[in-house]
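Chains as they are written, first to last, in full-length UniProt numbering: chain W, 1 to 663; chain Y, 1 to 663.
Treat each hint with caution, since some may be false.
Identical copies carry no separate label here, and so any pair may be met within one copy or between two of them.
To be verified - With a Cα cut of at most 27 Å, we get these calculated DSS-like pairs of lysine-lysine:
#	residue 1	residue 2
1	LYS149	LYS46
2	LYS46	LYS153
3	LYS193	LYS406
4	LYS193	LYS96
5	LYS46	LYS155
6	LYS658	LYS155
7	LYS155	LYS556
8	LYS406	LYS343
9	LYS556	LYS46
Calculated directly from the structure, the hints in this document are not laboratory data.
Protein chains: 2
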Amino acid sequence: MKLEQTQTGFTLSLNGRVILEHSDASPAIFVGYGQERMDMYRGNFKIEDYVIERRPLSHAQIDGDRISLSDVAGQPPRLILTVAEDTIKLDATDPKLNRLWVRIKADDDEHVWGGGEQMSYFDMRGRRFPLWTSEPGVGRDPTSEITFKANVKDKAGGDYYNTNYPQPTYVSSALYALHVETTAYSVFDFRQKAFHEIEVWAIPERLELFAAPTFVELVEVLSSRFGRQPPLPDWVYNGAIIGLKDGANSFSRLETIRSAGVELSALWCEDWVGLRQTSFGARLFWDWQANEARYPGLKEKIAELDKSGIRFLGYVNPYLCVDGPLFKIADDAGYFATDSAGKTALVDFGEFDCGVVDFTNEAAAEWFAEEIIGRNMLDYGLSGWMADFGEYLPIDITLSNGIDAKLMHNAWPTLWAQVNAKAVASRGKTGDALFFMRAGFTGVQQHCPLLWGGDQSVDFSRHDGLVTVICGALSSGLLGNAYHHSDIGGYTSLFGNVRTPELMMRWAEMAAFTPVMRTHEGNRPRENIQIDQNAEVLSHFARMTRVYRHLAPYLKSLSAQAVDRGLPVQRPLFLHYQNDRRTYTIQDAYLYGADMLVAPVWEASKDARSIYLPQADRWVHVWTGECFEGGAEVQISAPLGSPPVFYREGCRDEQLFKGLRSI
Amino acid sequence: MKLEQTQTGFTLSLNGRVILEHSDASPAIFVGYGQERMDMYRGNFKIEDYVIERRPLSHAQIDGDRISLSDVAGQPPRLILTVAEDTIKLDATDPKLNRLWVRIKADDDEHVWGGGEQMSYFDMRGRRFPLWTSEPGVGRDPTSEITFKANVKDKAGGDYYNTNYPQPTYVSSALYALHVETTAYSVFDFRQKAFHEIEVWAIPERLELFAAPTFVELVEVLSSRFGRQPPLPDWVYNGAIIGLKDGANSFSRLETIRSAGVELSALWCEDWVGLRQTSFGARLFWDWQANEARYPGLKEKIAELDKSGIRFLGYVNPYLCVDGPLFKIADDAGYFATDSAGKTALVDFGEFDCGVVDFTNEAAAEWFAEEIIGRNMLDYGLSGWMADFGEYLPIDITLSNGIDAKLMHNAWPTLWAQVNAKAVASRGKTGDALFFMRAGFTGVQQHCPLLWGGDQSVDFSRHDGLVTVICGALSSGLLGNAYHHSDIGGYTSLFGNVRTPELMMRWAEMAAFTPVMRTHEGNRPRENIQIDQNAEVLSHFARMTRVYRHLAPYLKSLSAQAVDRGLPVQRPLFLHYQNDRRTYTIQDAYLYGADMLVAPVWEASKDARSIYLPQADRWVHVWTGECFEGGAEVQISAPLGSPPVFYREGCRDEQLFKGLRSI
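Using the sequences plus the hints, can you model the full thing?
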């Protein structure tokens, strides 16, 4: 970066682009104090700030690479910036400061992407994004009936910015990226024309900047920074992971599914730990070990499945219920976070209380990794699991490392990923055992081998339906999360909103062109259609698993690109077409690697959709072979079973792609 | 007020109570800049602020009665306070400042009331109140289905603080009142324990403070400050004002009503100007003169009615529709506010456009008062009218006085009241012609003889039903609005919410103990029950008009108290029981003068309610004569027709009150 003194301030440029422009009259840095009010209800937060002071640090004194910022000339500095190659270190000399606002110079026509895994808006320009890991919300649209009802019932409706995986990092269309190294609550505000405003409820350690001549290289750099995932396990390419939570019945249902021609890689039973009956219905029993009553002889069953080439996956989360045997062990050992009275903090998850295993306590993290994930899960025969939650760290508990829980809240998903990854590594299973998470934050990339898009509603809605999964894959993918997938058919069924066969089929059509195909029974299996309950759905699904399996060689090559270069499997169109600005705002289609373009049908009752094909290439429609010149919007027929998918004419895998027509 | 210098600041006390306590370490005054975003949709506003700077003026320099405030010692002052007997004048030396925050010292157990006419919360402590005149909202409760639907359909749902009549004035239980002299957008934030924070989007002219040894005297002082209404017209005591908008049918319906034994004072036909058909249904024709087609021979009809002792009332608002004859006259004369291009600004009111008569143009105000209200209404024979609106001044229009419309928006209701009052005075009809307004702001007291509580929903809901009218009467009454009343049966019927006979009767029972009884057909007359459509409702109503008329001598004495001392007719219990702190938070009952206590049944399907009776008096239940010792909560039977009403044992009008039992 280049620091230049100006008349009354300075400019800071990265590869010739001005990032910070600060003067007496138009300051870029503001500091102050605030008193936040944060209320959590089952992972949903109500957050308000009372800003007591916000003032520009108008006066800048430059001394080599140091910028000393004070209110006015002659006053002692309150904040010191130290500029290096690609970071700006921040040091507050006033220890009371707990708010920072930085204005990053922006262009009128600039686009910005990232912010972790964003589900509603890929291009974040024009909106404000609080970055705080939480439940994603139900409906996520305050003008929808579902969100209204979820808000009234459980404060759970959410809005466009709610996400399990926020990250204070953005990529700009001006070919740079900016990351704020902090775990504090922060906000990216992209509503202004002339600047982006970054707000942090702490003085962050540093801002990091990244520049590259191309988007591809920029993504590579970010992936190096945040960590890279191992390759997809080989077994995944065999077909779909079937989610069933039907106790011992799950095995016979799997057999039915297999005999219908479904290509299988694994059976996933989240109820492997047993169930608990509550007034809300059956819930999992949060004590992480096989439940003999619900799955008699599970260890042997797993071994049998394995012989037929099918893996078995389970479920775990970072809590332990008070009425399970593991709770007592952890409690006796002092592994739980404590409350203000120094007692084990208990969190109500709906008619049952749990302790929060304190991962800042090394012994607790080690115990969880070794005894629970290592012994009870991996040694038992599990090849993977949903590593659920990570967003719920209460903000009023006391942690072993002594850091304010408000500052650890965002850090928790990464700690949780780390515990899982460590357990997997301890058994030499990295790149074989596959766990998947919805929660994330900076650094989760390094530990979590696979994201899942969270709990979509079982519908086609704009802010919580099928289409949001694409946005989640693209945004997280830019920041070094190469692998993304989702619950086929969605998860959340509330207030009478239930799956349709059409939704199941459209979702499966999309999933066939993602790293992992996995079904989920959803939160209310008995009220929602399952893949084995409708002949049309099942046969359509079987065909899609064959499509997925057919593309395995191509997907393997994409996985290799992820490992080598950190490129995501699902990519925004602009990643490979950076000169074609019409691609910059597309969030309902993606490149599947460089050579395929997938434009899922994400609305109900459509048998066609339009899609813009990028310039300078010709695109072949996989089902008809029809060829289209790029640089134009095309309207494509897309009956069920024929999702709009194209490949790039003349690409390496053309023959493989042509083979899709006969599946 | 007493100004005292302290170590690093000052304290300012009023009658021994510290109001401002300012020091370097704990400043009370903050200033800054903000950029607001205000969007209006049919009187509903979405308002957001981007606070660019907010900083304490930590350093105070005292010089006699002047306090010069600067950021730090040695810097030039940015704000100067000049302290007088009961005002603090504010002068900004920095012209860029457009935000002020002042912290008024508060006690833990302090209560605050006022804020104009508040409909949801009488005691404002614990909440934040933006003060900006607007539509009041439909449902006014974001957790209600009606508010949700109104928001989605028309951005019209509202919240607890939305009101037609805000006023930056509060009364504290510490026996003082504070008023901010400004028309800018402001916020009273009562959420903090140690202080109240006043926020103004401008540097206001001054803060005014009032203190008195009793609440009664404090209210008298406030009434002197803000203006006092004339006595109620004598004709009002004759009975109810019947609202009908049925064209010529209105007269025969009135006859039916009269023959059912209803005591009448006036017929009110808002459709006297004729109708316009829109896709939303019939709307009034916004051109303010009698409509011969809808009311043939109206002038003669009015004269006939008058002979039988019944007055005739109409309707007017400050707009003129483009397709009416008055528009052209006003437009030719340049009486309308203009848009940014200098053309007549047109406002869409739902399939018809209107001009905004610019009351800052003296000639326009004079024309409206003389030609429209004077000639077309008073001279024509009208004895009163609903003077509707006042809240809709668009914030992007240009006004004749050159002041920013954002600063005139809150001032508009008072200007509108002034035009009406001037017209009435020009015909010597002050105290006889009765117009009623829902919109208000500081100073409306001086011009508007009667408030009406706005557009309640036709239900018993907590935030938009019958009970909110009491809150409106009590809050506005403390600030010098002696007379309040409401639409019997409510007004707003949307999304299938319709009046019940029970609601009509409960509302009438309350209205009998208010200054004016007036019915309204509501926004959807055909879908909602009317008083003449149900024998039980009609006979109940007739009896309530007899109750009202029976109490006329008492009401006259209350009107005299209003004229002499500015005491409101409806009073909070604490006004006369200031040592009984249990009365401080009661907002669903009121004193009707000093000697009656009225506790309306405001919930559906109840035939009893509980009410706290103040200490040190004995209270006689009017319908049974049963006597209760004050200082306790009592449960009172209250079937339809017997609203919980008490009188003070031994009071002057005991005989009159006893007479109620035989009505």
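A quick look at each hint next to the structure:
Taking CA atoms no more than 27 Å apart as the test, LYS149 paired with LYS46 passes in both settings, with 17 Å inside one copy and 23 Å between copies. For a Cα distance limit of 27 Å, the shortest separation of LYS46 from LYS153 qualifies both inside one copy, at 15 Å, and across copies, at 25 Å. Only between protomers do LYS193 and LYS406 lie at most 27 Å apart by alpha-carbon distance; the minimum there is 23 Å, versus 31 Å within a single protomer. Only between protomers do LYS193 and LYS96 lie at most 27 Å apart by alpha-carbon distance; the minimum there is 22 Å, versus 31 Å within a single protomer.
When the C-alpha separation of LYS46 and LYS155 is checked against a cutoff of 27 Å, the pair qualifies both within a copy, at 9 Å, and between copies, at 22 Å. Taking the closest pair of Cα atoms, LYS658 and LYS155 never come within 27 Å of each other, the shortest separation being 49 Å inside a single copy and 52 Å across copies. For the identical chains of this complex, LYS155 and LYS556 are neighbours neither inside a copy (42 Å) nor across copies (51 Å), given an alpha-carbon limit of 27 Å. In the homo-oligomer, the alpha carbons of LYS406 and LYS343 lie at most 27 Å apart inside one protomer (19 Å), although the nearest pairing across protomers, at 54 Å, exceeds that limit.
Taking CA atoms no more than 27 Å apart as the test, LYS556 paired with LYS46 passes in neither setting, with 43 Å inside one copy and 51 Å between copies.
Hints 6, 7 and 9 from the list above are not met by this structure, while the remaining hints are.
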